[in-house]
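On the provided structure of chain A, position chain B as indicated by the hints.
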Amino acid sequence: MLTDRRRTLALLGCIIVLALAAAWVDLPSNPGIHIHLGPIDFDREIELRRGLDLQGGLQVLLEADVPPEELVDPGAMDATRAIIEQRVNGLGVSEPLIQLSGGRRIIVELPGIEDPERAIETFGETGLLEFIDAGRSFLPAGTVVTTTEQLAAATPVAAAATISPETPARQLTITATESATATPTVVLTPTLPSKPEGPVYQTILTGRHLTGAAVEFGDLGLMEIRFQLDDEGTALFAEYTRNSVGQLMCIVLDKQVVSCATINEPIPSGGVRITREGGFSPEEAESIVIRLRYGALPIPLRVETNRTVGPTLGEDSLQKSILAGAIGLTTVALFMLLYYRFPGFLADAALLIYAILVLALFKLIPVVLTLPGIAGFILSVGMAVDANVLIFERMKEELRAGKQLRLAVEQGFSRAWPSIRDSNFATLITCAILFWFGSYFGASIVKGFALTLGVGVIVSMFTAITVTRTFLRLIIDLDVVKHHRWFGV
Amino acid sequence: MFDIVGKRYWYYLVSAIVVVPGLISLILFGLNFSIDFTGGSIMEVQFEEGSAVQPAELKELFGEYGFGDTLVQSSQGNVFLIRSKTLDQETKRAIQGEIEERYGEFTELRFESVGPSVGGEVQRRAYLVVAMAAVAILLYISFAFRHVTNPVRYGACAIIAMVHDIFVVVGLASIFGVLYGWEVDALFLTALLTVIGFSVHDSIVVFDRIRENSRRYAGLPIEGIVNHSIIQTLDRSINTQLTVVFTLTALLLFGGITIRSFVLTLMIGIISGTYSSIFNASPLLVEWERRPELLIYALSLLVPPVGLAAGLFFGLRGDERSRPWARGCLVAAVIGALCIGGLLLLRGMLPV
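Residue numbers (my numbering), protein chains in the order written: chain A, 1 to 489; chain B, 490 to 841.
Looking at chain A on its own, in the form it has when it is part of the complex (with noise of 0.2 Å):
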């Protein structure tokens, strides 16, 4: 007896630390974890992650624009993944998502982001600078060109990126140091296999020779864009500028032409600027100047899902739904104290010990919160209330059969056991399956709604049994309960 009290104690040790560790975890001004004892350095913030429905935001399904029946090397895919990432952390968003979902698909997640058109531009599309020989004839910006690069890179390229730059035609001048005579010499190369419309233009260099991008001012104010080639495309670069002063070389980033311009003098020293009549705009500058940085992305890639929800919806419904959750809690609290009683009491205390586990976790794991995320988890208190109303019920019948009331409690828990762990692990399987189908096409909303389910569902079965049982077992070792009454016999 003495044994089984100290257990019952040392129990309720445990619940009490647990629900204030998981107390301060929850506090709003929570300053996260950071320890530094020599040299562990362990630094985690902790807050809850808002989902895109809550506090607005873009939610992008980009897949491998290659033909269906054509593999995608996982690397590769990898690689564009990584690619992606260093190019939406130049946008500086908080609390990005990039994964990769399925074997050819990419899901990129920017919650609050102000112009996710341009912002789609900038991680999505392929970034494949390359410099043609357009011989003497202009080609205006926009165009679309096919190039002896884009032929080469194996892999059969489809059609024209669906995303591409708005680049209005305005005339712009590639200018060096130096100067010197070359003979203009003018190479076009012959129709390669896969059959191609028009002409192909000799690719000079790609960004593959670039060592870095930036965004400055020049001599009037206005922006232009600087690179640096690294030595093997200064050389390339010098030699052809060399030999081709006075016709035309393009600049063309993802199969569009951004700009033309006369070589007037060879390049030898491997810094170029591009400048453009009338500058660049700020974030056209900066956007290109990411793609440049970061390289090419392996694998050409296409727009297929996209979402982007205003900051004001979100936050209009993440007010209403918190609203709606205290609510319906509090009307399943106040019908468990009345129809329970003193269980029910206790049922609602181990239920905001619940409340208090599950939103630690949430924070922990951490959980993105979405509208129906908060949806599973005022649904998985229903269930967390089940359980409950299973064990109370069974001792009402042990006791009505006039049981003693310690026995009663007893046999009240273990009869009930089976069918809660049945019915939850029923559960439990649905919530398996829902998030399987929500990582699959990239549905947060899906996949939330699982998790959070699902984590409650499990939570629930831990406050349901063991934090009612040891509260009730205290209650009757200290023989205050005296009447059945106070159990609603």
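In short, the hints are calculated from the structure, not lab data.
Take these hints with a grain of salt, some might be off.
As the list claims (entries may be wrong) - Calculated lysine-lysine pairs in the DSSO-like style (CA-CA distance at most 30 Å, straight line):
{"no.": "1", "chain 1": "A", "residue 1": "Lys255", "chain 2": "B", "residue 2": "Lys574"}
{"no.": "2", "chain 1": "B", "residue 1": "Lys574", "chain 2": "B", "residue 2": "Lys548"}
{"no.": "3", "chain 1": "A", "residue 1": "Lys396", "chain 2": "B", "residue 2": "Lys496"}
{"no.": "4", "chain 1": "A", "residue 1": "Lys363", "chain 2": "A", "residue 2": "Lys320"}
{"no.": "5", "chain 1": "A", "residue 1": "Lys255", "chain 2": "B", "residue 2": "Lys581"}
{"no.": "6", "chain 1": "B", "residue 1": "Lys548", "chain 2": "B", "residue 2": "Lys581"}
Being a predicted model, the structure only gives us computed values, none of them experimental.
Chain B alone, transformed into the frame defined by chain A:
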């Protein structure tokens, strides 16, 4: 004491009254799938106060860009919901520029676009998901009840109750789709699977009691055991139901409008789940013991080819017991085929 098992045919009738209209609507009108499943774009824009844009004007503008079958809905506060075929970035930008030019400044509240290939894949995957959930649950119940005689019956009866709830929810979605333009989207699928989980959850609670009682009262008639078990768990079923209804009602009344149809679907599905676990799943266990042919007839009615096959099977067996069964199956199959065929014909005649 209530005699639920004795009055089971009345309860089956109630189920039929609820399910049949939904099924008819489903055959006649199908489901109103959202862009999640079909691909397409939704744009929600809000014009500044005082702007007098008409939905028809926006529709016309989309038509000029080759998006003829665009739907435009207007709601309070100069908000317009525009549904069209999948817009790519360039077209979207061009159209938005044009809108701004003609009708003035606006804010884009929401933009969703799903490519047609993803939509089709999601739809296929959705059927797979529902089927997987059913199989997983059947397996789990058969496992959990493995010590009972005929564990598969428990699984199968839970599945029948589950199918009942799926029909209620999907039928409702079809009817509301016709009446109020409800869409079947990824959230609807989420609600449906949750309903499945809860339906099975409820069935298991009652089954668990039957499992316990059939051990305790071995030898007594199954009607009594099942009825007793239902009565014993009735308090629990109603109370749990109430708590869920409380929370969902709060969400329905005070929650955001975006999840209103989701919450309503959940609520109706969960009520149906409790009903079916008490009044269908458990009495069906009795039915299976007493008059299994009724189950086969019901299946024949819903899926005529199965009835035809069963009818032939019993007919060929040709013993005393099988002959009336064969007739019953064939009659049910013919009636089922006539009903379904008639509805399909009617559907063909409906103006789309």
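Satisfaction of hint between A/Lys320 and A/Lys363, Cα-Cα up to 30 Å: holds, 21 Å
Decide if the proposed pair is consistent with the structure: A/Lys396 and B/Lys496, CA atoms, cutoff 30 Å inclusive.
Judged against 30 Å, a Cα distance of about 28 Å means the pair holds.
Given pair status - B/Lys574, A/Lys255, alpha carbons within 30 Å: holds, 26 Å
Item checked: Straight-line alpha-carbon gap B/Lys574 to B/Lys548, limit 30 Å -> holds, 12 Å
- Keeping to a limit of 30 Å between CA atoms, is the pair of B/Lys548 and B/Lys581 held or broken? Holds. B/Lys548 to B/Lys581 sits at ~14 Å (cutoff 30 Å).
Query raised in the report: Keeping to a limit of 30 Å between CA atoms, is the pair of A/Lys255 and B/Lys581 held or broken?
Result: holds, 21 Å
Taken one by one, the earlier hints all hold for this structure without exception.
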